[in-house]
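*Asks:* If you read the sequences in order, they're chains A and B.
Take the first sequence: its letter number 142 is residue 142 in our numbering, and every next letter is one higher.
Offset between the second sequence (1-based) and our numbering: plus 1000.
If you are wondering where the hints come from, they were derived from the structure by calculation, not from laboratory data.
Be aware that one or more of the hints could be misleading.
Computed cross-link-like contacts, EDC-like style, restricted to lysine to aspartate or glutamate with a CA-CA straight-line distance of at most 20 angstroms [stated by the list, open to error]:
#, chain 1, residue 1, chain 2, residue 2
1, B, K1076, B, D1130
2, B, K1161, B, D1130
3, B, K1076, B, E1151
4, B, K1076, B, E1032
5, B, K1161, A, D10
6, B, K1161, A, D93
If you want the ones that stay clear, here's a sample from chain A, every Cβ over 10 angstroms from chain B, calculated [as the list claims (entries may be wrong)]:
#, residue
7, T23
8, P25
9, L34
10, R39
11, R49
12, R100
13, Y112
14, V124
The calculated label-pair distances, taken between Cβ atoms and stated as ranges, are [as the list claims (entries may be wrong)]:
#, chain 1, residue 1, chain 2, residue 2, range
15, A, L61, B, K1076, 56 to 66 angstroms
16, A, Y74, B, G1073, 55 to 65 angstroms
17, A, L50, B, A1075, 23 to 33 angstroms
18, A, R39, B, G1073, 56 to 66 angstroms
19, A, A28, B, G1070, 25 to 35 angstroms
20, B, S1078, A, A57, 58 to 68 angstroms
21, B, G1013, A, A28, 26 to 36 angstroms
22, A, R76, B, G1013, 56 to 66 angstroms
23, A, A28, B, G1073, 28 to 38 angstroms
24, A, A14, B, A1162, 47 to 57 angstroms
From a predicted model like this one, the values you see are computed outputs, not experimental measurements.
Glycine included, each C-beta is placed from N, C-alpha and C at the ideal position.
Below, each chain spelled out in residue letters.
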Amino acid sequence: MHHDDVPDRDDDLARLFTELPRTAPLEAGEAARLAVRLRREGFFQSPRRLVRRTLQAAAALVIFTLGAFAGSQYARRNSLEEMLARKQLSVADRVLLLQRAGSAYVRAAQSYADATAHVDSNAVEVASRVLLGAAHAVARSSLDAGLSERLTTAMQPAGAPVSPTRKPIIWF
Amino acid sequence: MTLAHLPFELPDGALIRRFLDGDERAFRMLYERHTPRLKMTLQRLLGARRQDVDDVVQDTWLAGCRGLHGYRGDAKFSTWLTSIGVRTTLNHLERRVDRDTELLDEMPAPLTTGPASVIDLERALAALPDHQRIVVVLHDVEGFTHEEIGEQLGMAAGTSKATLSRARHALRLALSEGVSNAS
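So that you can see chain A by itself, here it is in the shape it has in the complex:
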């Protein structure tokens, strides 16, 4: 106790102050209740646990990144452009490529016609000629089993004479 004070301190009062109890009893569970509140605020998480959680988060991030990279590689490898550029393709892949490329081609022509029909009256005609040109290109490749001939016939305007010896006209 300090005595750096005013002169009005008397011995009786000083004695009473020294006799005052200095501690109060703890109630059961006081520390536990406070510990619960502290735990809710994030205390009592050991650094080891924090390190483990950080590592888990980092591992999850790495796995996600690798997965995203692998997915993008797979998607790129199977893109139309990549498949068209590849020489080594199985028959099944070639059938798939034919379907996808043909569908894409037709869809592109159709969307071009849809997008420009209201500003360009020739758009539909141009699109149909593009598709016709594609068909000619297919016919020119002289596919087997009479496919070329059937395509040529199908492309003739209605009523026009069919000449089996005439070569198809290719327009692109």
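With the hints as your guide, set chain B onto chain A.
*Replies:* Using the frame of chain A, we list chain B on its own:
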């Protein structure tokens, strides 16, 4: 929860480091070591609102734990914690000033004969105005200097001295009246 005990003789610094490392046992040991004294001090500072002491003790510990990273060990941990307790008590008293919680009647009755006792002193302390009670408790019971009290309460050391003088005068008056009434 069953917690294995730590060696009781571990100093505060070691317990604080362990607590900051997430050791709940260290926290409990700090709590059990320092709370009995803190509780009595805050109870005395609260005066007529002494029934709020458990809330104030808990708020003090929460504030202390949140700020424990900033504890540099310049002062004893008990002193540092008591300083937080004083600030928490002041905030509590300011918040609750509108509540009429006169509890003097709930305090023990004074002795009817003989010289003034510590119970009389407790009653007299509780009856003092808040700022006088806080100054006299911090100085005469807890041993803080006027400079430390001034720093905690935001007043000059001279103001603390003057307040202490008035508080002692009021205490002597209350105690002498109590004794003369009893005899």
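*Asks:* Of the numbered hints stated earlier in the document, which are not met by this structure?
*Replies:* 1, 6, 7, 8, 9, 10, 11, 15, 18, 20, 24
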